[in-house]
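Here are the chains, one letter per residue:
Protein chains: 2
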Amino acid sequence: MVAIARSNRLRRTPFSQGVEEAGVSAYSIYNRMLLPAMFESLAADCEHLKQHVQVWDVACERQISVKGPDAAKLMALLTPRDLSKMADDQCYYVPMVDQNGGMLNDPVAVKHRDDHYWISIADSDLLLWVKGVAAGMGLNVSVEEPDVSPLAVQGPKADELVARVFGDVVRDIRFFRYKRMEFQGRDLVIARSGYSKQGGFEIYVDGGNIGMDLWQALFAAGQDLDVRAGGPNLIERIESGLLSYGNDMTAAHTPFDCGLGKFVNSDADYIGRAALEKSRTKGAKWQLCALEIFGDPVPTCDRHWAILMNGERIGQVTSATYSPDHKINVAIGMVQADRFAAGVDVEVETQAGRCDARLRAEFWT
Amino acid sequence: MVAIARSNRLRRTPFSQGVEEAGVSAYSIYNRMLLPAMFESLAADCEHLKQHVQVWDVACERQISVKGPDAAKLMALLTPRDLSKMADDQCYYVPMVDQNGGMLNDPVAVKHRDDHYWISIADSDLLLWVKGVAAGMGLNVSVEEPDVSPLAVQGPKADELVARVFGDVVRDIRFFRYKRMEFQGRDLVIARSGYSKQGGFEIYVDGGNIGMDLWQALFAAGQDLDVRAGGPNLIERIESGLLSYGNDMTAAHTPFDCGLGKFVNSDADYIGRAALEKSRTKGAKWQLCALEIFGDPVPTCDRHWAILMNGERIGQVTSATYSPDHKINVAIGMVQADRFAAGVDVEVETQAGRCDARLRAEFWT
Numbered sequence: 001m002v003a004i005a006r007s008n009r010l011r012r013t014p015f016s017q018g019v020e021e022a023g024v025s026a027y028s029i030y031n032r033m034l035l036p037a038m039f040e041s042l043a044a045d046c047e048h049l050k051q052h053v054q055v056w057d058v059a060c061e062r063q064i065s066v067k068g069p070d071a072a073k074l075m076a077l078l079t080p081r082d083l084s085k086m087a088d089d090q091c092y093y094v095p096m097v098d099q100n101g102g103m104l105n106d107p108v109a110v111k112h113r114d115d116h117y118w119i120s121i122a123d124s125d126l127l128l129w130v131k132g133v134a135a136g137m138g139l140n141v142s143v144e145e146p147d148v149s150p151l152a153v154q155g156p157k158a159d160e161l162v163a164r165v166f167g168d169v170v171r172d173i174r175f176f177r178y179k180r181m182e183f184q185g186r187d188l189v190i191a192r193s194g195y196s197k198q199g200g201f202e203i204y205v206d207g208g209n210i211g212m213d214l215w216q217a218l219f220a221a222g223q224d225l226d227v228r229a230g231g232p233n234l235i236e237r238i239e240s241g242l243l244s245y246g247n248d249m250t251a252a253h254t255p256f257d258c259g260l261g262k263f264v265n266s267d268a269d270y271i272g273r274a275a276l277e278k279s280r281t282k283g284a285k286w287q288l289c290a291l292e293i294f295g296d297p298v299p300t301c302d303r304h305w306a307i308l309m310n311g312e313r314i315g316q317v318t319s320a321t322y323s324p325d326h327k328i329n330v331a332i333g334m335v336q337a338d339r340f341a342a343g344v345d346v347e348v349e350t351q352a353g354r355c356d357a358r359l360r361a362e363f364w365t
Numbered sequence: 001m002v003a004i005a006r007s008n009r010l011r012r013t014p015f016s017q018g019v020e021e022a023g024v025s026a027y028s029i030y031n032r033m034l035l036p037a038m039f040e041s042l043a044a045d046c047e048h049l050k051q052h053v054q055v056w057d058v059a060c061e062r063q064i065s066v067k068g069p070d071a072a073k074l075m076a077l078l079t080p081r082d083l084s085k086m087a088d089d090q091c092y093y094v095p096m097v098d099q100n101g102g103m104l105n106d107p108v109a110v111k112h113r114d115d116h117y118w119i120s121i122a123d124s125d126l127l128l129w130v131k132g133v134a135a136g137m138g139l140n141v142s143v144e145e146p147d148v149s150p151l152a153v154q155g156p157k158a159d160e161l162v163a164r165v166f167g168d169v170v171r172d173i174r175f176f177r178y179k180r181m182e183f184q185g186r187d188l189v190i191a192r193s194g195y196s197k198q199g200g201f202e203i204y205v206d207g208g209n210i211g212m213d214l215w216q217a218l219f220a221a222g223q224d225l226d227v228r229a230g231g232p233n234l235i236e237r238i239e240s241g242l243l244s245y246g247n248d249m250t251a252a253h254t255p256f257d258c259g260l261g262k263f264v265n266s267d268a269d270y271i272g273r274a275a276l277e278k279s280r281t282k283g284a285k286w287q288l289c290a291l292e293i294f295g296d297p298v299p300t301c302d303r304h305w306a307i308l309m310n311g312e313r314i315g316q317v318t319s320a321t322y323s324p325d326h327k328i329n330v331a332i333g334m335v336q337a338d339r340f341a342a343g344v345d346v347e348v349e350t351q352a353g354r355c356d357a358r359l360r361a362e363f364w365t
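Taken in sequence, the protein lines are chains V and L. Just so you know, we're using the working numbering here: the first sequence kicks off at 1 and counts up by one. Just so you know, we're using the working numbering here: the second sequence kicks off at 1 and counts up by one.
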C-alpha cells in the first residue's frame, strides 16, 4: 500500500474533519482536493450504501460561478446541449467539448437565473477553460470558483434523513431539480442528484464554515438509520454505469463515443459544433460499453487494459472491480464502434494476466 | 496512514514501473498523474540527494505544445514576461496570469522555434486556459498535450551520470539552456534545470515507449555513483526556497505577491496587463517569505497555518517540514506585505498547537 503524501496542494474540504473521524482508509484526488474513496472496504461500503444512507464529502465537485450579462451567452457557447428550456430550479448534465469536439468535462449545470449559473464539475480544471474562452472573446461575465462545497446524501434512506434535517418538503424535489432550504441562516441549494443509483440529494454548502455543523446535524439525526460516512463507490458506480471523466472518457473522445449523443442537440453556435456535426455524420469511432470479466477478482484497474478480439486489440478497459452482488468482475471500456456487439466474447489483458470477458449492451442496475 | 486509491484518472507515467521497483512509499498527485514523493524517508531521501545523484519521475510536468503561425503571438499574450530575446535553445520561467493578474501557473517555456514552444507546467490544467484563449480569439495555432514526459537527474553527481549516457557534451549545457541528444534514435531535449538546488538536468522524453529503457540506462551507468530513484524533496525544496504552485501561491496572488515581480517586464499587450500595472503602482498585498518555526518537528502541513503577530493574523504558512541539516523547522508563508520585516517574531497555529516562529529575509541555501 502506497500512502498519499499530504500537502496544501491537495486541498482539504470543509468536511475533512468528519471524514477523518469516520476512519477514511483511502483517498482519491479529484480537482486537486481530497475525495474519500474507501472506509471499511469497497465491498462493505457498497453493501451499506445499498441498504442504508451515507453522507459523502464531494466538496471536490467544485463549482464554477458564471455570472453577469453574458452568462447565458457563454453557457450556450460551452455545451452542445440545448439550454433554452432550462428552468430556474433545474440541473442539467452538460458535456463540454473543445473545438475538436473532444470532451473537456461532463459537469452538471445548476441554473440560478438567466444571468447566473453554477457549473458543478468533474475532474478537470474547467474553470481555466471557461475563463480562457470568456477572456478570449471579451465577454461581460465574471467566472470564479465560489466557496461552495457539495455534500451528498445517498442511499434508500436518504429522503428520510434529509427530511429530518430540512423538513418534509425535500421529499417533493424531483430528479435534477432543486429547492433552496435554510440552514443556520443560509439558503442552500438541495438537488435530487448524486453519483450513485441508490437515490438521494446533493446539498450545495454555501460557505465552508458551516460544513461541519451540517455534517454533524445529519449524523445526529440519522443514528437509528445507521448513517455512515461514504463516498462514490467503485463497485456501485460501475454496476450502475456511471461514467467517470478521466477514467472512462477524456478529451480524445466525443460525446458520441461516450454514448452521450442525445445531449448534442443545441441550435446555438457552440464551440466544437462543426467537429461534432462531422462526427455525427461519420458515426462514432468508439462505443463505450459494459464488460463482464470472468475468473478471479481482477487487480486494481490503474492502467488501460487492452481488449482483444481474436488476438487483435479493439479497445481498452478503463474501470473494473469485483462485484460481490453479481459475483463477477464488472467493467467499463471503450471498443471500436464497428467491432462492438453485445454478447461477444473477448479477452482482457490485465497486469496480472489475460482474462476471458464478454461485451454487454447494458450495465447491471 | 491513508492510502491512495489508484485509478486510471490518476495517471501512471512511462517510468512508474521503475518507481515501483525502487520501493516508492508515498505518492503525491500532480496534474492528475502520479508523482513519487518519498522512498526511504524524507530525511534519508534528502541526504542522499545532496550527496549523490537521483533519477526523478517528473512526467507529471506535462507539456503544452503551442505550434503554428500564431504561436509566438499566443505566447506573448499568456505571460507578463518579455519573451522577445528568448533564444531557440532556451528555457524561461514564465508566470502566467488571468485578467485579474492572478497566477494560473508558473511553468517553464521551452522554445523550439518561433512557431513552436512547449510549456512545461506546474500543477494546474493550464492546457485548458491556453486552449480557451486560443479558441476565444480564433488564433491559428494548435494547442495540445504531446507524449512528452520529463525525467530529472538531480544531485552533485548528475553531470557525471548524464555524461556517461549521453556524452561529455552535456557538461557544456548552460543553466536553463538545452541541447538535443540522441537516445534510441530519438532526439531528446536535455535542459540544465530541475526542481532542486543540487544541480542537474531534465530530460524531455519524447515518446513514453522509450521511458523505461532510458531509466534503466541511467541506473546501469550509475551503480558506482549510488544512483537512486527520488522525487522533488519537501525538505530540500523548502530550504532552497523553491515555490510550489497550489501550495505557496494560487490564483489569489499576483506575481508581485510571490516575489516574482522581476518577471513582469513585457511590452506586449498580455492578458492581465492592466491589473498587474495597477498592482505594481499600489504595491504588493502579500510578501512571500521564509519562516523558521521553533520547537519540535511540526506535523504535516496539509492546511494553512495562521501566522499571528501579537495575536493578530497577518498571513499563513503554506509549506513546512523539519530540516535535519538545519535542526529547525523550515517553512514558506505569505504575510501581509506591510507587516513583513525580517527577523520579526511571530506565532504559527498548527493542528498540533501554537509554535513560536520568526520571519526571514532569505531561504537557507
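Keep in mind that a hint or two might mislead.
Note that identical chains are pooled: a pair holds if it fits in a single copy or bridges any two copies.
Mimicking DMTMM-like on lysine to aspartate or glutamate, the simulated pairs with C-alpha atoms at most 25 Å apart in a straight line are [to be verified]:
id, residue 1, residue 2
1, Lys50, Asp338
2, Lys73, Asp115
3, Lys262, Glu144
4, Lys67, Asp187
Derived from the structure by calculation, the hints contain no laboratory data. Model, not experiment: these values are computed from the prediction.
Checking each numbered hint in turn, tell me which of them this model violates, lowest number first. The structure breaks hints 1, 3; every other hint is satisfied.
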